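**Student:** Residues per chain are reported as follows:
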Amino acid sequence: MIVWMTETGLRIGVLIKQVPDIEKVRFDVETGRIDRSSAAAETNPFDLNALEAAIQIKEKFGGFITVISMGPKQAESSLRDALARGADRAILLTDKRFAGADTIATSRALAAAIRKLGGFDLILCGEKTVDGDTGQVGPEVAELLDIPHVAYVCEIRDVSAEKVVVVSDMGDKYLYEAKLPALLTVTKELNTPRLPSLKDVLKARKKQIEIWDADSLSEYEGVNKFGIRGSKTLVVKVVIPGTEHRKGAIFKGEDAAEKLFKILEEGGLIKP
Amino acid sequence: MSNGKGILIYAETSDSKIHPVSFELLGKAREIAEKVEMEVWSVIIGYRVREEAKELIYYGADKVYVYDREQLKDFDVIVYKDILVNLVKKIEPEIFLIGATPLGRSLAPRVAAALDTGLTADCVDLQVDENKNLIQIRPAFTGNILAHIKTNSKPVMSTIRYKVMKKPQPDPTRKGEIIIEDPPEIADSGLRNLGKVSERTVNIAEAEIIVAGGRGLKKPEDLKMLEEFAKLLGGVLGASRPLVDEGWISKDHQVGFSGNTVKPKLYIACGISGSPQHLAGMRDSQTIIAINIDPSAPIFKHADYGVVGDLYEVVPKLISMLKEIKEGKKLEG
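Protein sequence lines, in the order shown, are assigned to chains X and B. Quick note on numbering: numbering that gives the first Met the number 0 labels position 193 of the first sequence as 192, and the sequence is numbered without any gaps. Quick note on numbering: numbering that gives the first Met the number 0 labels position 328 of the second sequence as 327, and the sequence is numbered without any gaps.
Everything labelled a hint here was simulated from the structure, so no lab data went into it. Being a predicted model, the structure only gives us computed values, none of them experimental. All C-beta atoms in this analysis are idealised placements derived from N, C-alpha and C, irrespective of residue type, glycine included. Treat the hints with caution; some may be incorrect.
In silico SDA-like cross-links for lysine to any residue, where the CA-CA straight-line distance does not exceed 20 Å [said to hold, decoys possible]:
hint, chain 1, residue 1, chain 2, residue 2
1, B, 72, B, 183
2, X, 261, B, 134
3, X, 236, B, 134
If the Cβ cut is set under 8 Å, some of the chain B residues that face chain X in the computed set are [claimed, not checked]:
hint, residue
4, 111
5, 119
6, 215
7, 286
8, 303
Extracted from the complex, chain B is given alone in its bound form (with noise of 0.2 Å):
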């Protein structure tokens, strides 16, 4: 059935709303497409989601296939993976690519072990090499090296990092072709879904300031006087690991490679000495300032501007000057 070759891309949703994720994958596989010449494909399951499927039209795929049923509105590990293994063997794509989410390494594996073929996880890049392969690019050893790697089985299957890839602008006027496909049937997969629990308390990966407390703090009450300065940047509250472990702060807020990888415009690091581990999940952000005391502190070497200084001396002057200057701004308005 499939006339050409094809990348397929899986749409994540939550609350039929797509995750952007997906948007970074269409561009990173419009990217390979034209080196290898073939089509963008994506994949989109779960209830209401029509509307949606243009989208990934205009954020570059030429075909969606769309599996709408009020069935699949809450993710079944079981019942997508059946639709994607139904669907791939059908449409017979050369490379999958799933976004590295929770969601996305809780289903991928399972795709790829029924599949019987290679799955690269957490993936930061994606070559094309002389033969036209592709190279998957991955962090291994908390960040300490990349190893390039080779699948050697179809699909070549990936789950790729989000906030690595950059998302691509839509466009509005891209012709693609949507594709409502029913669903295998829906069998008691032998999970149920029982709701919501509770939501995350602050989604780290997505904001564009982050103010990150560490070792350098001395009791689990200091880590206000940072939330007050994230807040007044318009920020978010985050740490290094060891104030996760000491039970501090909750995992959400953990930058690090065991916590969350973050891309902010600006990533202040207070008190964080610059462990390979936290390195690896901040050293793409865009500007880096490091408070730290000790001027041997890796950190600097990462940064793009530092104070050597005790940041219990540092911090209160800052957010006392960005009072005086929201203050100003008040008086004048």
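Okay, chain X solo, but in the shape it has when bound (with noise of 0.2 Å):
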């Protein structure tokens, strides 16, 4: 990666979700809801090769990292951990009225945010959240702060103070370049995170997480426009899927796989 850069560098914004370990959450199955106490909360891995390209890009010439999260109170060790690994300014959006949120109410608390913060010059956040799964939040955002956006950004080549050259896996892989400011959403292929050391994890301890409330964006965006109040979707049911039956005729033995074989051949699954 090439970084160009003067002076007091790039204003760089990480936007970070706490989620539950996905591999280990379970769920009531009369009522479908999470049971949030299964599994222990994390960072949304993909946020975390967003903040790991932030402190590259910041190593390289100088800059400033502020992370932003919108979550209940529990997600501060999210944002320590964030201070930990190099952010200089940690942001917890938590209020009631936040909650409930679907994406675009979810995006419209974390746009006023970043306004009221004056803007960045680049926004990274990761390419979605392991829980929610939607990947929207990261366009949406762009959207309402009117900034171009490249999404599943699996390379940074090039950064200057004007624009950044990425690379975007839509499949094929594109070169983009992008004008500044904009937002990028990134791929687990990036990078590899750092792990903070102790000594970073001791020190984050002592910073401040500021905690701003619905109330505080109101300047940048209608209250009405968070949380439930403000969601356009709602979920109406939950449904457990059915175990789909299927044959399960099991083979074992010495002979096994030329049963398999023989079905397989009758199934005209072997193509000649």
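Since each chain sits alone in its own frame, please combine them into the complex, following the hints.
**Tutor:** In structure tokens, the structure reads:
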């Protein structure tokens, strides 16, 4: 990555979300509700790639990294981890009035917070979260801020005060140039996030995390645009998909491969 | 201007060719349109796409809005967004569907945010409830649950996963209206597409036969054995997430919740235990075969046929039997 920068460097914003460990989380089969106590909370893994990219850009030429998250008070731990990893400032949007937000209501709160901060030169976020799995918040924030975005960024080739040059993985990979300010959503392929040192973890414990409520954003967005009130989509029902019944013929022993082969052959699955 | 209600389908193109997900969406839109008495509309943006517009009618569109300009040849998320927002404001569709491809998932949120409407990501089914509301069904939490979602703004927007809806039979006698539109002024979006850097190595979502490897493999080189097996069957090589995370194989090959959703005729899982994340990406395959040394591996519950055994013994046997057949055919021929 080549970085051309002067003086103060870039003002970088990183959007992060705390999510339950998706590999372990359990569900109440009756209600379909997530049992949040069944799995530890962690920072959405893709967001750590976004943060790592921000830190690498800052290391090359200086800059200032602000991490923003929206969520319950517990999400402070993810922000503290981000500070330990190298972020300079952390803001948590937390308020009952933010709760129950769909992607558009989430994006409105994040965009309002970014406007309140005076905007960034570059905004980085994960391609999606592992719990919501929509990948919508990044592009929606970019639209609300009226700045370009590039999704699925798997390589940052060049950064300057005016633009970034990145590779976007859209199935085939494309090279894009985006004028700053811009937003990038990043894939895991982009980098390997570093772990913070013990010293940095201890230092981060003393740092302050700023807490903003809905009213603090009222100058930048109508408070009724946040949370469940501002949401346009509504989950009406949750269904646990039944296990599909398959034939389940199991072969064991010496001639198992032969038996399977015969099935493939008879099923016309082997093309001569 | 709109005379009647409609469901709008975005016809995604690359290199002036329509992405097949668009045809699948037209099929689903037709089905919904019959239930709620609406028309099916489609919009196509690109360069030299007028001929392609006819295809959209064959697959079920009543009207196709065409934006055809040389400057529209390459996808630019802001330019395309401006066109779609403009069109939606003009024709006011009730429902707007976009394929949940990487392009669609980048474009749709911008359109939804600009229109201040709800967007449901990555749906696997659409239904109509008793009040004729659209119910959008999407997997949540790695496919462990299916959420039914309603939108309380217009248009109802969803991105729909590729290869979950049935592609209808095209009917070349079908009639419809092609409307050539002038794009709104194309401003500098701040984005420049500098061209393709690399093509994907494999298009696993389209594959009819997939042989996939998982943690049961001992070393990266052993993927060659599975690749040979796949090739002999006329298929491609897939992998579960751990192998991709280990860097044994590129993400193009990854099957599962965080990789590709596949729906081949034949899926052979070799040394894959069958985590919910993996199952979410392949459970709709037509025939599933599992080869695993562990008889309690969850994959067997989702398989049509299973072999409990060491893949290092079973796969070489299958390979040599396949080779015998091929050579036999050659001798005969």
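**Student:** Which hint numbers does the structure go against, in order from smallest to largest?
**Tutor:** 2, 6
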